[in-house]
Amino acid sequence: MKIQSYITTLAACLTGLVMSGCGDFLDPKAKSEFVPKDATSLNELLLGEAYPLRSSNNQLTSFIYLFDDDLTAAPYQTPPEGFDPEAYYIAYTWQPDLWTRLDMASTKYGENQYFSNYKYILGCNAILDYIGQAEGDTKENIDNVLAQAHALRGFYYLQLVNLFGAPYYSDGNDTYNPAVSLGVPLKLASNIEDKPLTRNTVKEVYDLIVSDLTTAVELYEGLSAQRQWKADYRTSLPMAQLILSRTYLYMGEWDKAAEYAEKVMNNPAFTLLDLNTIPEIDPATSSWPVANQRPNYVDYLSYAISPEVIWVYSSVGDAAMWLSDAKTSSDGRIIHPYFMASPELMTTFGEKDLRKSRYVVTTPRCMIDGKRMPQAFGKMNINVNNNMYIPNGGINDFGRALRLPEAYLNYAEAKAMTGDSGSALDALNTLRKCRFKAEDYEPLQSLAGEELKQAVRDERRRELCFEGHRWFDLRRWGMKEIKHVWYPDANTTEEYTLKAGDLQYIMPIPTTSLELNPELSQNPTESAPRNGETVYN
Numbered sequence: 005m006k007i008q009s010y011i012t013t014l015a016a017c018l019t020g021l022v023m024s025g026c027g028d029f030l031d032p033k034a035k036s037e038f039v040p041k042d043a044t045s046l047n048e049l050l051l052g053e054a055y056p057l058r059s060s061n062n063q064l065t066s067f068i069y070l071f072d073d074d075l076t077a078a079p080y081q082t083p084p085e086g087f088d089p090e091a092y093y094i095a096y097t098w099q100p101d102l103w104t105r106l107d108m109a110s111t112k113y114g115e116n117q118y119f120s121n122y123k124y125i126l127g128c129n130a131i132l133d134y135i136g137q138a139e140g141d142t143k144e145n146i147d148n149v150l151a152q153a154h155a156l157r158g159f160y161y162l163q164l165v166n167l168f169g170a171p172y173y174s175d176g177n178d179t180y181n182p183a184v185s186l187g188v189p190l191k192l193a194s195n196i197e198d199k200p201l202t203r204n205t206v207k208e209v210y211d212l213i214v215s216d217l218t219t220a221v222e223l224y225e226g227l228s229a230q231r232q233w234k235a236d237y238r239t240s241l242p243m244a245q246l247i248l249s250r251t252y253l254y255m256g257e258w259d260k261a262a263e264y265a266e267k268v269m270n271n272p273a274f275t276l277l278d279l280n281t282i283p284e285i286d287p288a289t290s291s292w293p294v295a296n297q298r299p300n301y302v303d304y305l306s307y308a309i310s311p312e313v314i315w316v317y318s319s320v321g322d323a324a325m326w327l328s329d330a331k332t333s334s335d336g337r338i339i340h341p342y343f344m345a346s347p348e349l350m351t352t353f354g355e356k357d358l359r360k361s362r363y364v365v366t367t368p369r370c371m372i373d374g375k376r377m378p379q380a381f382g383k384m385n386i387n388v389n390n391n392m393y394i395p396n397g398g399i400n401d402f403g404r405a406l407r408l409p410e411a412y413l414n415y416a417e418a419k420a421m422t423g424d425s426g427s428a429l430d431a432l433n434t435l436r437k438c439r440f441k442a443e444d445y446e447p448l449q450s451l452a453g454e455e456l457k458q459a460v461r462d463e464r465r466r467e468l469c470f471e472g473h474r475w476f477d478l479r480r481w482g483m484k485e486i487k488h489v490w491y492p493d494a495n496t497t498e499e500y501t502l503k504a505g506d507l508q509y510i511m512p513i514p515t516t517s518l519e520l521n522p523e524l525s526q527n528p529t530e531s532a533p534r535n536g537e538t539v540y541n
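Here the sequence shown stands for residues 5 to 541, numbered as in the numbering used here.
No lab work stands behind these hints: they were computed from the structure.
Be aware that one or more of the hints could be misleading.
[To be verified] Derived Cβ-Cβ restraints for the label pairs, each shown as a range:
#1 E139 / E530: 49 to 57 Å
#2 E446 / L518: 46 to 54 Å
#3 S228 / K487: 50 to 58 Å
#4 N535 / S450: 17 to 25 Å
#5 E446 / E530: 39 to 47 Å
#6 D493 / S450: 44 to 52 Å
#7 D107 / E446: 47 to 55 Å
#8 G453 / G226: 36 to 44 Å
#9 E225 / L192: 19 to 27 Å
#10 S450 / E263: 21 to 29 Å
#11 M108 / D493: 19 to 27 Å
[What the hints assert, rightly or not] Keeping only pairs whose Cα atoms sit at most 25 Å apart, straight-line, the calculated DSS-like set for lysine-lysine is:
#12 K234 / K143
#13 K484 / K503
#14 K375 / K487
#15 K143 / K207
#16 K437 / K457
#17 K191 / K207
Where a beta carbon is used, it is the ideal one built from N, C-alpha and C, also for glycine.
Turn these sequences into a full structure, and let the hints guide you.
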């Protein structure tokens with residue numbers, strides 16, 4: 005539909021959230037000709053303009069994998085011909101002039117995260133603006149479209165404010181006040197603004213997120229059961245409930261976080277996946293079996309395989325484009341990836357934890373000290389290609405999902421923070437029982453206070469690794485110090501430090517957006533580049 009072109013062009017104008025230069029295209033008379041007149045058509049438009057589909061090239065949060073402590077640089081490898089590792093280095097070492105240097109490296113992925121989320125928000129806004137004009141439709145059909153638009157808009161703003169805004173709540177860190185700290189601009193309609201938008205406070209953004217998600221929940225609760233959830237890429241009642249639980253968790257609203265998490269936990273449509281039912285791939289194996297017997301990792305983001313999956317979304321590229329192990333040299337040799345799972349993450353699993361071999365991809369062609377290198381991605385559809393495990397970006401494969409374990413972990417954390425140790429331990433142990441062999445499982449007992457809180461955080465790190473949670477969790481858990489090692493050449497190791505509470509825990513607004521809209525204020529950043537310390541030569 006022509007309205008799709010309208011939304012895309014408006015989104016381009018809104019990269020800086022400024023309207024100058026777009027007025028001719030956005031003539032309301034022309035726009036009105038393209039508006040669908042019934043809920044069914046708007047529902048299809050919503051799918052094309054507001055959903056992060058598997059076929060999309062848009063990036064929602066892919067950059068953040070390079071920031072956290074679940075990933076570390078692999079030992080030096082010679083880059084393939086024509087490949088510049090500068091973009092990886094800039095993000096991985098938290099450089100304050102991130103966007104300027106990425107522009108020089110001809111890399112727009114970070115800006116794409118800012119643009120993509122707003123593009124989808126504009127799709128939601130268009131639906132919400134025009135749904136009132138729907139003719140000849142039932143209330144159920146209209147409410148179904150409204151529920152999706154509100155759920156999606158709340159989801160995208162939660163992503164944006166945690167990428168480019170200050171944290172709402174950060175345990176032990178009182179630097180930020182949500183009523184004062186800057187979040188992101190709120191654009192709530194698809195029409196032209198009279199003046200450039202400025203940044204709203206974090207509280208204002210979260211108020212909108214909560215409003216959107218609670219509205220979605222209420223609308224879904226009024227729909228027929230078959231429209232409240234089914235195994236497809238549409239939003240649903242449990243999706244909205246889980247994102248609302250996550251939102252309240254980020255706000256430190258523990259009772260509400262637990263309330264909505266429990267609703268998802270009690271939904272009979274979902275059950276925890278017993279990892280004992282998933283064949284093990286031996287990480288110690290250094291050679292392949294015959295070709296037709298090569299083991300494939302399980303796609304944990306598939307409705308067909310996992311009873312935990314609540315909602316699938318986004319592309320494989322969004323989750324793995326920075327982490328692929330398929331880089332090749334000029335003569336066609338596959339070389340080591342630039343990043344791997346950090347030793348700190350791998351140590352948290354313990355030897356008997358089934359997630360260590362099920363969730364973490366290892367490849368015999370990538371060896372360190374005689375052991376297969378743990379890759380910094382997993383859970384998605386992983387196939388064998390040229391004796392390497394690589395993410396499969398096929399048309400039937402999604403890169404991300406909401407899963408039932410998050411509800412258990414949200415609930416456990418909320419209960420731990422309110423002193424309800426029994427409920428927190430029950431939730432943790434219910435999950436953990438599905439992650440060990442029966443003879444190896446030991447329930448957590450007699451934990452309380454700080455010890456229980458740390459146990460919950462460790463479990464969340466293990467279970468949700470490589471799913472885009474870790475960076476956001478580190479922000480709300482006090483912004484701890486992180487160290488990253490980098491190998492500029494075969495003989496040098498440099499160590500870079502993100503200090504506790506570092507300014508780079510909040511991503512700077514992309515340079516292009518600031519240039520387009522002078523009313524946008526930049527997040528505070530260091531004036532000088534971040535330098536590494538040479539550890540040894």
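Checked hints:
1. E139 / E530: 49 to 57 Å: Holds, since E139 and E530 (Cβ atoms, about 56 Å apart) stay within the stated range.
2. E446 / L518: 46 to 54 Å: holds, 53 Å
3. S228 / K487: 50 to 58 Å: Cβ of S228 to Cβ of K487: about 53 Å, so the range 50 to 58 Å holds.
4. N535 / S450: 17 to 25 Å: violated, 46 Å
5. E446 / E530: 39 to 47 Å: Given about 45 Å between the Cβ atoms, the range holds.
6. D493 / S450: 44 to 52 Å: For S450 against D493, whose Cβ atoms are near 50 Å apart, the range 44 to 52 Å holds.
7. D107 / E446: 47 to 55 Å: With a Cβ separation near 52 Å, D107 and E446 satisfy 47 to 55 Å, so the hint holds.
8. G453 / G226: 36 to 44 Å: The hinted range 36 to 44 Å holds for G453 and G226, with Cβ atoms some 42 Å apart.
9. E225 / L192: 19 to 27 Å: holds, 23 Å
10. S450 / E263: 21 to 29 Å: holds, 26 Å
11. M108 / D493: 19 to 27 Å: holds, 21 Å
12. K234 / K143: Judged against 25 Å, a Cα distance of about 20 Å means the pair holds.
13. K484 / K503: holds, 7 Å
14. K375 / K487: Distance ~23 Å between K375 and K487 Cα, so the pair holds.
15. K143 / K207: Cα-Cα ~32 Å, so violated.
16. K437 / K457: The given pair, whose Cα atoms are some 19 Å apart, holds under the 25 Å limit.
17. K191 / K207: Holds, at about 15 Å.
Hint violations for this structure: numbers 4, 15, all remaining hints satisfied.
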